[in-house]
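Participant: As they're listed, the protein sequences go chains S and E.
Under our numbering, the residues of the first sequence are numbered 694 to 1034, in order.
Under our numbering, the residues of the second sequence are numbered 694 to 1034, in order.
In short, the hints are calculated from the structure, not lab data.
Careful: at least some of the hints might be erroneous.
Remember, identical chains collapse to one label, so a pair may be satisfied in a single copy or spanning two.
[Stated by the list, open to error] Derived lysine-lysine pairs resembling DSS-like cross-links, with alpha carbons at most 30 Å apart: (1) K851 - K933; (2) K851 - K909; (3) K1022 - K978; (4) K851 - K1022; (5) K978 - K851; (6) K1022 - K909; (7) K851 - K828; (8) K978 - K712; (9) K909 - K712; (10) K933 - K1022; (11) K828 - K918.
If you're wondering where the values come from, they're calculated on a predicted model, not measured in any experiment.
There are 2 protein chains.
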Amino acid sequence: MERANGSPLRGGIDLGGTKIEAIVVDAGHNVLGSSRHPTPSSGGPEAVAAELVAAMREACQAAGVETSSLQGVGVGSPGVVDEAAGTVSTARNLPDWEGSFELGAALSRELGTTATLGNDVQVATDAEFELGAGKAYRSLLGVMWGTGVGGGIVLDGKPWLGRGGAGEIGHVVVKIDGRRCPCGRRGCMEAYAGRAAMEARARRKQEEGTPTDLFKIMKDRGRTKLTSAVWAKALEREDKLAVELIDEAVEALGAGIASAQNLLDVQAIVIGGGLGVRLGEPFVKRIRTAMEPHVFNDANWPDVLLAGLGDLGGALGAALLVSRRVEGKPAPVAETPSAAG
Amino acid sequence: MERANGSPLRGGIDLGGTKIEAIVVDAGHNVLGSSRHPTPSSGGPEAVAAELVAAMREACQAAGVETSSLQGVGVGSPGVVDEAAGTVSTARNLPDWEGSFELGAALSRELGTTATLGNDVQVATDAEFELGAGKAYRSLLGVMWGTGVGGGIVLDGKPWLGRGGAGEIGHVVVKIDGRRCPCGRRGCMEAYAGRAAMEARARRKQEEGTPTDLFKIMKDRGRTKLTSAVWAKALEREDKLAVELIDEAVEALGAGIASAQNLLDVQAIVIGGGLGVRLGEPFVKRIRTAMEPHVFNDANWPDVLLAGLGDLGGALGAALLVSRRVEGKPAPVAETPSAAG
Chain S
694 MERANGSPLR GGIDLGGTKI EAIVVDAGHN VLGSSRHPTP SSGGPEAVAA
744 ELVAAMREAC QAAGVETSSL QGVGVGSPGV VDEAAGTVST ARNLPDWEGS
794 FELGAALSRE LGTTATLGND VQVATDAEFE LGAGKAYRSL LGVMWGTGVG
844 GGIVLDGKPW LGRGGAGEIG HVVVKIDGRR CPCGRRGCME AYAGRAAMEA
894 RARRKQEEGT PTDLFKIMKD RGRTKLTSAV WAKALEREDK LAVELIDEAV
944 EALGAGIASA QNLLDVQAIV IGGGLGVRLG EPFVKRIRTA MEPHVFNDAN
994 WPDVLLAGLG DLGGALGAAL LVSRRVEGKP APVAETPSAA G
Chain E
694 MERANGSPLR GGIDLGGTKI EAIVVDAGHN VLGSSRHPTP SSGGPEAVAA
744 ELVAAMREAC QAAGVETSSL QGVGVGSPGV VDEAAGTVST ARNLPDWEGS
794 FELGAALSRE LGTTATLGND VQVATDAEFE LGAGKAYRSL LGVMWGTGVG
844 GGIVLDGKPW LGRGGAGEIG HVVVKIDGRR CPCGRRGCME AYAGRAAMEA
894 RARRKQEEGT PTDLFKIMKD RGRTKLTSAV WAKALEREDK LAVELIDEAV
944 EALGAGIASA QNLLDVQAIV IGGGLGVRLG EPFVKRIRTA MEPHVFNDAN
994 WPDVLLAGLG DLGGALGAAL LVSRRVEGKP APVAETPSAA G
């Protein structure tokens, strides 16, 4: 398939801890081809890079184009992303990715087009801001509720990155001396609401004798992790442990998001991420209700909305990285550690 | 005293729940005259306005000028401040100030010069950013630790006000189902760290039989409230209850400020306010230590600093409101509730 007027196509890849989502979009952000691959669970950064290449090639095939004809490929990645250097470091949810890896250069070489990297959560928030539920607003807090809980911040129409580490809403403290978080700290929101933390707790509870269908549903579906779909199914069946853990997650999300709102006072809060998208509107309402005891400016609520782009938000946001580069819009720049530094 | 070259003088008033601090400054922010009055505890907004006028007149007298010769007077006020309308509403720490009062117009009329209003905490943060401990930074979180705990945010060199309600760090949740806060909610940082909350708890503990010298020190000093100086004295004497309550306050400040940092990732955090300034550097160090278990980006700490302008920060910041107006710099504008609103 040839594109008559040569309308520029862009690639977008959402690199998650569980899956890789690759898409090809046109200038109007329409998806022309897509593919989904599981994220390798071993083999380090090289194996992940190879899988990203394979997924992007497949999406291009579906769209009937060569990867080299793309204006570029954007990647939303976990870990510490240095956009300028094209590196990803210490990506805890990816296999053996403790050091720094030149992912941008590796992908550019294999795909024959420029690869641009961004932080996965910020990229998903940008997509909601530009194309999704956040379109009507100038300030936004994106809450990506999945394996962990990530936050993206848009203030006055621009992403706020701080010194590169802003938006860590998952590690807002909701309970001093509270539950241990996968990050090693205590009382973080993610310790109650992150899917990884919830799975660890469910396993422990089951080992201690609490009955639950969670792991049975997981096996029936051929999974090795409690995916968002497994949680949804267990809730549907009113599995007592699943209900209890999700209740705690919602309570923690309510407190943590309200804390962020008390600080930032944004116009809108958008709930996305694997669990957020899977559980959908009823849970956005529950999170809003859980915020109520804690929102200080209660005469002036922000809008609390479900992500509008569903599962594709991350990949669409990644493709926006290419649009920005091509249109000469500077990527949002993180501040230096200090004026002196 | 006449000023030879007519160097423009500006007035600044810090309106606190306990005291009113009024100063006259020159263009170089040097204090030429000052006065301090207790805040009226009855008589409503009119009584407070009259006291602000009296304090400003006294500061002008000390500087040898008429109030009408000032370029203007700035006021940092608690409550909900509408800079454009010149009104203050629902100022809980001021007497009978539930409704809205046109403080700007009242002061302008009595003083014969334009009065400009700003939020007390934001104004104190601006002063630290422009003139104090925050001078070297582009992004800043000001934490004003006093009767309550207020927060001021500067991002990329500009105050961030949100929709007018940003910076409520005192109402960041540090403990779900935690202690009752003076605001009526549960588990807010201020429920543990605000001087009003600490005093209420100290009274209850004493009534329940816990021995303490706090109220004896208060009476010996002719006070009716546990002022910052009373707390400092009790700590000096190693009063067990005072030590315990301040320990809890420091722990809560550590968690709440770390949460804010995890979200905002600013370059510097400046601790001020009545208690912050009175307890000083050793307590800034203790707060930093209390942040340690919770700061996510622990390879890249912000600087944590004591406010540099001491007790005068609020009044100096208020005078900056006049400088801004005179120099035609627009006041930072809060966002509308939503793009649609």
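Participant: For every hint, state whether the structure bears it out.
Facilitator: Cross-check of the supplied hints:
1. K851 - K933: neither (43 Å within a copy, 49 Å between copies)
2. K851 - K909: neither (45 Å within a copy, 54 Å between copies)
3. K1022 - K978: Answer is neither: 36 Å inside a copy and 42 Å across each miss the 30 Å cutoff.
4. K851 - K1022: both (12 Å within a copy, 22 Å between copies)
5. K978 - K851: within (27 Å within a copy, 34 Å between copies)
6. K1022 - K909: Cα proximity of K1022 and K909: none, with 49 Å in one copy and 64 Å across.
7. K851 - K828: Classified as both; 13 Å inside a copy, 24 Å across copies.
8. K978 - K712: within (27 Å within a copy, 44 Å between copies)
9. K909 - K712: within (22 Å within a copy, 65 Å between copies)
10. K933 - K1022: neither (50 Å within a copy, 59 Å between copies)
11. K828 - K918: Neither: 34 Å inside a chain and 50 Å across chains, both beyond 30 Å.
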